[in-house]
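Let the hints inform the model, and build the full structure from the sequences given.
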Amino acid sequence: MIQFNNVNKWYGEYQALADVTETIAKGEVVVVCGPSGSGKSTLIRTINRLEAIDSGTITVDGEDIHRRGLDVNRLRSRIGFVFQQFNLFPHLTVLQNCTLAPVALGGARPAQAHHKAMALLDRVGLAHKATAWPSELSGGQQQRVAIARALAMEPPLMLFDEPTSALDPEMVGEVLQVMQGLVRDGMTLVVVTHEMGFARDVAHRVLFMDQGRILERAEPHEFFNHPQHPRAQQFLADIRTPFAHAA
Amino acid sequence: MIDLIHTYWLYFLVGQYPNGPLGGLALTVLLAALALLLALPIGLVLGLARVSPFRAIRWPVTALVHVVRGIPLLMVIFWAYFFLPSVTGHQTGQFSTMLMALVVFDGVYLAEIVRAGIRGVPRGQFEAARTLGLGYGRAMQRVILPQALRSMLPSLVNQFVSTIKETSLGYIIGLTEVSFIAAQINTQVFTHATQVYLLLALTYFVLCFGLSRIAHLLERRLARRAPTRVARPSVVVPLANESNA
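Just so you know, the sequences run in chain order A and B. Sequence positions in the first sequence follow my numbering and run 1 to 247. Sequence positions in the second sequence follow my numbering and run 248 to 492.
I should point out that these hints are in silico values taken from the structure, not numbers from a laboratory. Please note that a few of the clues may not be correct.
Quick list of the computed label-pair ranges, beta carbon to beta carbon [said to hold, decoys possible]:
id: 1; chain 1: B; residue 1: 313; chain 2: A; residue 2: 240; range: 53 to 59 Å
id: 2; chain 1: B; residue 1: 463; chain 2: A; residue 2: 132; range: 57 to 63 Å
id: 3; chain 1: B; residue 1: 310; chain 2: A; residue 2: 52; range: 41 to 47 Å
id: 4; chain 1: B; residue 1: 305; chain 2: A; residue 2: 70; range: 21 to 27 Å
All C-beta atoms, glycine included, are put in the ideal place defined by N, C-alpha and C.
This is the structure we're talking about:
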């Protein structure tokens, strides 16, 4: 479904992605983790061209996404993206947030889009909030609406960029549950997250990144119990005993 | 003062109309309203050009903005009054000259307000719109501008109030707007300068203050209809995604 081939990206002197080569299969659920600044957000933002790359190729569904003449809007409408900051449109109601793209992009009649959006809101448990403004919702609810909005274009692939990092702890669960539902439906998910529980229980594969490189790729069980790379071992030790250094 | 008003109120309001050209307060209001009406779309287009990703669009408009902002309105009026006719070959009337000068001047100031409004919308809004597959224009039209315009409202009103007051500079090219009429009245009654100009000041004040109040009410109604602020995330995170890879 997604293929990275020797992808490099620089921010000036700083190399954000270094020779990334990786294949993500259709229906696979991949968690990307690593310390901050490791390039994991940059990595998933390159998949829908929110970030440009300096060399290498990325293909989605067999199509080079940097091909000349590619319709980038069409590409993006086929890839759902969920942000850390939710980024709901504050001037639109919850329902309008979910119908904007389907109607504006010409695919759907308003009534049809409305109907589908209500079904999606129901799926994330927020049908009763359809007429509310985003500012009236909790963080967890906003993020669930953001997921419904991303699903409205019926993308076969969903990308999550730290979807629970801006949430109060008690709201993390409701968002993860919605994501788990997508996994059950067989969607392809790439998730950048610090939620190691989600990685362990839901992911098919974990990628560990540091300094722009994928240092380790393993099944969750393998990754958590027998990390191979010293940086991965260190990372796991740090998140398990966060106060070890202070002592 | 009562005498003064009694004798000159009609002259003050409409000039010599209907026996001569329209003037006075009516002309001032007409000029300001037309200037705003024409400057608004121009300001919007120039403002969009100012944030355009294309240099070929951005640079000339940026240059224009800096030039116009760097000269007083009075200069723009002189240019429109003396320079334009020498180029085009025919003399434009005082009203259209003043209108052109105001539209150019206010268009540029409105462009800066539009630009600031667009820049004030969080970057994530644009990214979210693009991620859904909306193109640049659609993202602007459906997501960015509706939010930007709302936050621009106070600055817009400010600019509109300025425009009303700027019309008084028409005096300098003999446009018979309300300041000019007041000066005329003053030369006729001769000894009542304080009263005449007090009345003039009061007139401008009522116009501008009234507009501010209306705008204020409008703003409150908009705020009630759709709260603009999205609940803050509970964790403070760096805003720039770029550095936070």
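Evaluation of the provided hints:
In this structure the hint that residue 313/B and residue 240/A lie 53 to 59 Å apart at CB holds, the actual value being about 57 Å. A hinted range of 57 to 63 Å for the beta carbons of residue 463/B and residue 132/A is inconsistent with their spacing of about 27 Å. In this structure the supplied range 41 to 47 Å is violated for residue 310/B paired with residue 52/A, their Cβ-Cβ distance being about 28 Å. Range check, residue 305/B to residue 70/A: about 25 Å between beta-carbon atoms, so the 21 to 27 Å window is met.
Hints 2, 3 from the list above are not met by this structure, while the remaining hints are.
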